[in-house]
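Sequences and hints are given; from them, build the entire structure.
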Amino acid sequence: DGGITQSPKYLFRKEGQNVTLSCEQNLNHDAMYWYRQDPGQGLRLIYYSQIVNDFQKGDIAEGYSVSREKKESFPLTVTSAQKNPTAFYLCASILSGTSNQPQHFGDGTRLSIL
Amino acid sequence: QQQVKQSPQSLIVQKGGISIINCAYENTAFDYFPWYQQFPGKGPALLIAIRPDVSEKKEGRFTISFNKSAKQFSLHIMDSQPGDSATYFCAARGSGSARQLTFGSGTQLTVLP
Chain A
1 DGGITQSPKY
11 LFRKEGQNVT
21 LSCEQNLNHD
31 AMYWYRQDPG
41 QGLRLIYYSQ
51 IVNDFQKGDI
61 AEGYSVSREK
71 KESFPLTVTS
81 AQKNPTAFYL
91 CASILSGTSN
101 QPQHFGDGTR
111 LSIL
Chain B
115 QQQVKQSPQS
125 LIVQKGGISI
135 INCAYENTAF
145 DYFPWYQQFP
155 GKGPALLIAI
165 RPDVSEKKEG
175 RFTISFNKSA
185 KQFSLHIMDS
195 QPGDSATYFC
205 AARGSGSARQ
215 LTFGSGTQLT
225 VLP
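The listed protein sequences correspond, in order, to chains A and B. Numbered by the working numbering, the letters in the first sequence go through residues 1 to 114 in order. Numbered by the working numbering, the letters in the second sequence go through residues 115 to 227 in order.
Quick list of in silico lysine-lysine cross-link-like pairs, DSS-like style, CA-CA up to 30 Å:
1. B:129 x B:172
2. A:57 x B:119
3. A:9 x A:70
4. B:182 x B:171
5. B:156 x A:70
6. A:9 x B:156
7. A:57 x A:83
8. A:83 x B:156
9. B:156 x A:57
10. B:185 x B:172
11. A:57 x B:185
12. B:119 x B:156
13. B:156 x A:14
14. A:9 x A:71
15. B:119 x A:83
16. A:57 x A:70
17. B:156 x A:71
Partial selection, computed: residues in chain A whose CB lies under 7 Å from chain B:
18. 41
19. 42
20. 43
21. 90
22. 102
23. 105
24. 106
25. 107
26. 108
Calculated from the model, a selection of chain B residues having no Cβ within reach of chain A, i.e. all distances over 10 Å:
27. 121
28. 122
29. 132
30. 140
31. 141
32. 142
33. 169
34. 170
35. 179
36. 180
37. 184
38. 188
39. 195
40. 198
Just so you know, the hints here were simulated from the structure itself, not pulled from any lab data. Note that CB positions come from ideal geometry on N, CA and C, so glycine has one too.
Structure follows, in structure tokens:
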């Protein structure tokens with residue numbers, strides 16, 4: 001079955017450490033997105049990528065970095081510059097150029113600070 | 115600036131009752147309004163969606179009502195069941211090529227047996 005796989009499900013970060021969250025999709029979708037979800041808040045866009053080797057900042061990109069070397073993969077790095085990284089991180093994808101198509105989400109990675 | 119405002123933050127309904135969640139938006143360039151359902155530890159899943167040229171859309175027990183002039187839309191869950199207990203998010207999509215979604219803050223629905 002096609003879908004989006006996020007790993008790991010749980011991740012712990014030490015002070016000053018960079019950590020990378022994986023997102024892989026086999027839906028042949030062009031566009032991929034990273035969101036951050038905090039309790040009582042909606043999803044906030046961190047970065048998105050519409051095509052390979054291209055990506056744009058979302059609303060809360062500071063302290064995060066991404067790469068898009070392959071169509072199927074869009075890893076997110078939470079750097080030590082992100083001072084409040086504890087959150088639930090969600091990856092999504094969509095087939096570009098289509099109307100009325102929903103973004104498909106993975107099951108998230110929960111990041112906590114040690 | 116929050117562009118999609120969602121209420122209530124939490125909702126408790128008896129089994130068989132009607133659950134109503136409301137959203138309001140500001141940006142008239144939004145062209146697609148989906149609702150997502152999220153269970154604990156899972157990613158959101160599309161529940162139902164509507165375009166602004168339609169005033170109502172019904173799928174089973176779920177109905178979206180859309181008021182373009184008031185810039186408001188709502189989700190109605192008829193005959194609510196305990197299995198509907200989840201967090202619901204409304205969203206609005208911009209018309210630009212990035213197809214970005216702006217999400218409401220979510221409503222935690224609890225349906226009592």
